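Number of protein chains: 4
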Amino acid sequence: MIGAAHRHAMRLDNQYVLAAGIFGRDPAASAQFAESISVERIYDDYREMSKREAARLDGVDVVAVVTPNDSHYEIAKAFLEIGISVVCEKPLTNDSASAAELAAIAESNGVILAVPHIYSAYAMVRHAARMVRNGDLGRIRFVAAEHASGWAAADVDQWRMDPAKGGMATAVADVGTHAFHLLRYITGLEATRVSAELSTLVPGRRVFDNATMRLTLSNGAPATVWATMAATGHEHGLRIRVFGDDASLEWRHEDPQHLLVRDPDGGTTILAQGMSTLSDDAARVTRVGLGHPEGFLEAFANFYSDLADMLRGNPGRELSIPTGTDGLIGVQFVEAAVASHTDDAAWVTLP
Amino acid sequence: MIGAAHRHAMRLDNQYVLAAGIFGRDPAASAQFAESISVERIYDDYREMSKREAARLDGVDVVAVVTPNDSHYEIAKAFLEIGISVVCEKPLTNDSASAAELAAIAESNGVILAVPHIYSAYAMVRHAARMVRNGDLGRIRFVAAEHASGWAAADVDQWRMDPAKGGMATAVADVGTHAFHLLRYITGLEATRVSAELSTLVPGRRVFDNATMRLTLSNGAPATVWATMAATGHEHGLRIRVFGDDASLEWRHEDPQHLLVRDPDGGTTILAQGMSTLSDDAARVTRVGLGHPEGFLEAFANFYSDLADMLRGNPGRELSIPTGTDGLIGVQFVEAAVASHTDDAAWVTLP
Amino acid sequence: MIGAAHRHAMRLDNQYVLAAGIFGRDPAASAQFAESISVERIYDDYREMSKREAARLDGVDVVAVVTPNDSHYEIAKAFLEIGISVVCEKPLTNDSASAAELAAIAESNGVILAVPHIYSAYAMVRHAARMVRNGDLGRIRFVAAEHASGWAAADVDQWRMDPAKGGMATAVADVGTHAFHLLRYITGLEATRVSAELSTLVPGRRVFDNATMRLTLSNGAPATVWATMAATGHEHGLRIRVFGDDASLEWRHEDPQHLLVRDPDGGTTILAQGMSTLSDDAARVTRVGLGHPEGFLEAFANFYSDLADMLRGNPGRELSIPTGTDGLIGVQFVEAAVASHTDDAAWVTLP
Amino acid sequence: MIGAAHRHAMRLDNQYVLAAGIFGRDPAASAQFAESISVERIYDDYREMSKREAARLDGVDVVAVVTPNDSHYEIAKAFLEIGISVVCEKPLTNDSASAAELAAIAESNGVILAVPHIYSAYAMVRHAARMVRNGDLGRIRFVAAEHASGWAAADVDQWRMDPAKGGMATAVADVGTHAFHLLRYITGLEATRVSAELSTLVPGRRVFDNATMRLTLSNGAPATVWATMAATGHEHGLRIRVFGDDASLEWRHEDPQHLLVRDPDGGTTILAQGMSTLSDDAARVTRVGLGHPEGFLEAFANFYSDLADMLRGNPGRELSIPTGTDGLIGVQFVEAAVASHTDDAAWVTLP
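Residue numbers (our numbering), protein chains in the order written: chain A, 1 to 351; chain B, 1 to 351; chain C, 1 to 351; chain D, 1 to 351.
Rather than coming from a laboratory, the hints here were simulated on the basis of the structure. Some hints could be false.
FRET-style restraints, in silico, Cβ to Cβ [said to hold, decoys possible]: (1) A/P68 <-> B/E35: 40 to 50 Å; (2) A/R284 <-> B/A164: 47 to 57 Å; (3) A/D280 <-> B/G24: 23 to 33 Å; (4) C/A104 <-> D/R56: 45 to 55 Å; (5) D/A154 <-> C/K51: 55 to 65 Å.
All values derive from a computational prediction rather than experimental measurement. Note that CB positions come from ideal geometry on N, CA and C, so glycine has one too.
The following block holds chain A by itself, in its conformation from the complex (with noise of 0.2 Å):
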């Protein structure tokens, strides 16, 4: 599902070729899904890729690694490493030492390492950060965030259950980092310390399929992130409440194309994505107008089209897309919180 979005978000805005690839373990399998999408260079070994992509005058510019989170660094690196830029997805690496080595890896080599929380591309929170920054909200007092999806609210196979690849905390890791990243984006405010408690809502699960957390924010304010894939009958469940001084803000995924503003005296005025009045953060990402919805592939395709800015070399904007360091803290984030579980849910000190 997620190669098909990656897919879809690139060609969109038409500023892509998907050029070269592996799709998949079985050689066969990944040339015969390649031919059908009209892929011409296909390969059965991510190095070999590598070293032959780079070799081309006209070689892929950025590769996108959707493979289960413990392939990430390996494959991560060689690109990176041999001046390929890198899509990567979350969480980077299942340790915080290798997504810093990443990060540094893209850094010293010029390239792109870019970590796709879609979420921040919605116009909508393109928006809301824009107000934060603003000053509209006043101080950030609390931030209630929650990631509670329904996908996996009763048994199911696959890989993210598996602690070997996915890690145990997977609440955190799988969707626990979507929140936390949505909090960053949107109040331009760090984690100072996290308390988390782990478990397992589903009954034989092998994994944490869920994470009550507690943050303290860069300012002092508290926050709260609550994340799973266990909360029976949700959507998607992304929504994030940010309380200021001087007003609240609301935004849920299963309604992205609007953005919920509280004032003190209890009236909550809706923005619709298109209206005139928005940011022109919003605006740049909104591709037909008013009343007429944009959803999760558009927001991919925000990501892909503010990477292409970044690939073609223009300097990037105050609101743009996460990269190797959001996808570092997001490993720390993870680090922290199984420290956390294990210490009683004690207080942890983020990096």
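For this one, chain A is given, so just place chains B, C and D on it according to the hints.
What follows is chains B, C and D alone, placed relative to chain A:
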């Protein structure tokens, strides 16, 4: 805007190449634009384009006509007559005689004439239509459809507000036909007569920007259609409620990935795109899955995807896309509404 | 049910004592019921009741007539003529001559005839009416009102479905008058003509349970009123949308403590009962405060509270409760709708 | 405000007469107010009142204690000891020893001590509790409760913000106890331990106005409770989501007449107060019916109505109103939260 939407939609599922075209009345600007989107074959005149493309072995399979209403007929006719399929924006033409002619030409030449009432391509609209056909609602007893947009709630300078280009009954032709098609698509019923009151809500406007219509449906049930682009503060405003003896349905374009089903006891069930229990009609036009909103461009891409199936000669599905006949029925609806209005909102029989 | 609602409403603000009454056609059952709710003076006949109560120093100030429509006239007349104020359920009577007579009797006898269109007593409806009068919406350009209830979506055996008791045009008389009053109350406009199509949605029903109506308002603006009790799956279904040149309003009975205000740019503001910035008209009928929902009984109590003010001789407020004139206008509306229907939905001028 | 709510609620169902009382610390003002609401017997001192009322044949059956928290204990004790039932606002007292004492006195004297956590008296909360007991959700796996009000999002001068009167942990005592009770009431589970982080969101405030709490429930499931009165822009903010293996529930105080039920496939069913298929627990506290919203005062009246049943000696229902034990558990919850906070949010076992 609508031209860009066509292009986005063609790209999304990777089944089209935009190979040739005319992009405006000014040849130089058209050529420049074509180059910017990598279109190879650029023409100044649609007749010339139709002849040359028809003569090529690799000529275009289908042409999208996205011009003001008054030019639809001549352009569509040129391509259909020479054997090239056409996607023609609604209303198909400004009079039913020419619409019927286009439909007949397509029929006799064995090519496709498709009309992009995009809203019937949303997954949850497809599911609604399936529920009605399954008998889940029982006999249809009433339908309330509305396309009450706010896009022209203030004065705007646009060809749709010029009686010479879009006709007087803009509200019916521009948005009313969408609501009417949606009603026909979901219920599977035709309208046998219409009573219409047209009015102008925005002072100084030269066309009718508001229409309240009553229909009698082919099963005898009454229905209403409200069409306007002057509904101050509305976003898109397309919404339909279908009431049966056993249940009712509601769908709104502002929240397209959900469908509300109400039971006689007063309970409401919200169905969500991506649920495993939905019909194949919904599932086959769902790209990502539960909790991942798909919007207007995805619906547009569904239209083009179904069209691609038809262009490849696959037998049509029961729930597919609107064609020339639907376009003709839409134009007849506009004409009947105007006739009714002229006769003080008297009932007018539809053909 | 409606009798109990009257009693609850009288009690809530402690301004009434239910001192006398008739509680059904069967004297024994009436007496038993009266005793169960501690009513002291019990009568078998309304004429006797009117005479005796009028003769007492501590006789009742006001009587509530909560009987089937066909008995309203005689009962209300008896009390009004003898100088006792009356609350009479809508429709006031089954014909406008008798309604006009009741209004005239009340006027000449200096007593109050009040008609419990309760919905106009909700705080947020009062606020909506104030906003219109303040000019916040600009000129009213269109109104869409509906009372589309599901209470009789299936077959029911009740006096309202008996043409002899409730008249043929049940949908207009029973629920349409509520929507119509709400429209008049909020906009401050009258209707000058109506076109109505009446129909029967539930097979076998002997009355019209559905009505689609067009109005022309006194400022020339068009409006629609949809009235039915056969909207399968709806709860109460009373909803109004008022569109002005500068903003629009929406209120729904299922969420009565909120009022939606839409601005031309597409933004929506949700106002909540209890906000400090609301008008005095809303504030004076708010008992608890922000976030504490008040419902139907509180609205009913608002009606009785305003009535108590009037009974004490306080000068009326601009935004108060409907009286005999409103009841008469409601009956005229029913008659005009029936006349229009009989003439194939032709326009009928209102008095 | 809360005193007025008690009086409204007592009146609504006509089962109480407010016969005696003290209405403030100033005897003259108290007497004047008592007269304005027709209370006959006015006292200056609660001890005197308890003695005199106990001595009368027609003395009060029950007293409502609606004073700042620090006076609850002495006043409630005086009445309970002398054999008069008490409704005492929450938190029952400021420490669990005195709360336990009150509960014990009530028990040994055979009188009722009731605690008005009103929210558990809403029809749809009762229905939710019934669904859980019926096993409709399966095993409870997670609960997220919050009472995040905006009533004190700005600085306010009130006894609740005075540590000497309301205690330091205002957020837990004032609103957290409501969310906690709601969780216990609906799930039928107790909490075995709590971890709490208290904080002050409004600059300069002397009490903790925010609390994020984790619970472990008696079946081992994790839960969270968020309590604050500083959630900028929120109305009442009371909301609960209960997740079971087979379904989940959501209820919000801003829309109290509906209950959301989510099934594992992602569908949501909205149940509405008044539906014929609801449980008797919901039906017996429904006054008007489907589509007629009942609000806070009706819920409060439900509380008083159930209390009246108990005062008449009727055997308690399974789903009735909170009593002294519930009040005690609430106070223990506050104490444990404070203890946890003092120990850096460590887990604290509940009695």
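### Task
Run the structure past the numbered hints and jot down the numbers of the failing ones, going up.
Hint 2 is the one this structure does not satisfy, whereas the remaining hints hold.
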